[in-house]
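J.: Spelled out from the first residue to the last, the chains are:
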Amino acid sequence: MASAFRRKLPDLRKSGPLCKVTIKPSIATIDILKSEKKKVPSQEVLALIDTGASSTAISRKIAKKLKLVSRGSVKVYTSSKKAEMRNEYDVSLLFSRKIHLDILRALEANLQDHHIDCLIGRDILDLGTFTYDGPKGVFVLDFNP
Amino acid sequence: MPTRRETLKGCELKKEYKTFLNRRGQLLTEHLNEYVVIKDEKIVDCCKTYEDALKCGLDRFGNVPFFIRMVCKEEEVHFFQQGIS
Chain V
451 MASAFRRKLP DLRKSGPLCK VTIKPSIATI DILKSEKKKV PSQEVLALID TGASSTAISR
511 KIAKKLKLVS RGSVKVYTSS KKAEMRNEYD VSLLFSRKIH LDILRALEAN LQDHHIDCLI
571 GRDILDLGTF TYDGPKGVFV LDFNP
Chain Y
174 MPTRRETLKG CELKKEYKTF LNRRGQLLTE HLNEYVVIKD EKIVDCCKTY EDALKCGLDR
234 FGNVPFFIRM VCKEEEVHFF QQGIS
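Read top to bottom, the protein sequences are chains V and Y. Sequential numbering of the first sequence, starting at 451, is according to the numbering used here. Sequential numbering of the second sequence, starting at 174, is according to the numbering used here.
The set of hints was computed from the structure by calculation and includes no laboratory data. All C-beta atoms, glycine included, are put in the ideal place defined by N, C-alpha and C.
Distance windows between CB atoms, simulated: (1) Y:201 to V:484: 35 to 43 Å; (2) V:457 to Y:195: 41 to 49 Å; (3) V:463 to Y:238: 40 to 48 Å; (4) Y:213 to V:586: 47 to 55 Å.
Under the rule of at most 20 Å between Cα atoms (straight-line distance), these lysine to aspartate or glutamate pairs were calculated in the DMTMM-like manner: (5) Y:188 to V:534; (6) V:458 to V:583; (7) Y:221 to Y:248; (8) V:532 to Y:249; (9) V:525 to Y:207; (10) Y:191 to Y:247; (11) Y:187 to Y:213; (12) Y:191 to V:534; (13) V:532 to Y:247; (14) V:488 to V:552; (15) V:525 to Y:248; (16) Y:191 to Y:213; (17) V:489 to V:552; (18) Y:187 to V:534; (19) V:487 to Y:232; (20) V:488 to Y:232; (21) V:489 to Y:232; (22) V:470 to V:552; (23) V:525 to Y:185; (24) Y:187 to Y:218; (25) V:517 to Y:232; (26) Y:228 to Y:213; (27) V:484 to Y:224; (28) V:474 to V:573; (29) Y:215 to Y:232; (30) V:525 to Y:247; (31) Y:215 to Y:203; (32) V:548 to V:494; (33) V:525 to Y:249; (34) V:515 to Y:185; (35) V:548 to V:592; (36) Y:228 to V:486; (37) Y:246 to Y:203; (38) V:514 to Y:185; (39) Y:246 to Y:218.
Looking at chain V on its own, in the form it has when it is part of the complex (with noise of 0.2 Å):
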């Protein structure tokens, strides 16, 4: 894996650090699934970068669209500071042709009153280096500081 990603975004104060990711099932899955020839399902979708996520998210429709198949259930906390137990994914994250991140572990979110389908949280950043440029309307997110 190598390089960095970058995005200029023309109100990057309004709409955040979206970009465009494709989300597939991990690597891991995917071997299972060719070895009973089957198709691997993949899904580009609008993600959000978050701090305040301590992990990545990937939205119900998304999930369900990929077939994906739960691999545990964890405990969330949301703004609403009510826990609930939420199923968790293997999935892979593609952000380039490049740079893709092969087996990570997703949660599933109700991310329906949002207009994204996937949060990229601190486990996906504490990979790499995320920097936020507001007067030029830039971010990048750089795996190999």
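Guided by the hints, dock chain Y onto chain V, whose structure is given.
T.: Quick look at chain Y alone, frame taken from chain V:
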């Protein structure tokens, strides 16, 4: 066990999660910081990494639901500032 304020509604792996909670004491003693793989009410294996645990479950059962969790002294929780419930 989940408290009254928590609910397992919507979670596919309720049985496995309960197995994890019931066996947590033993797991903490024998497999601290390892990733446990649970299917139904059975502990299948404990692995050093999430990737190993995932491959263990896939090799054993195929692409069906099974439970993976790191055995930690404190329960793993996740926080979101956004309202995602």
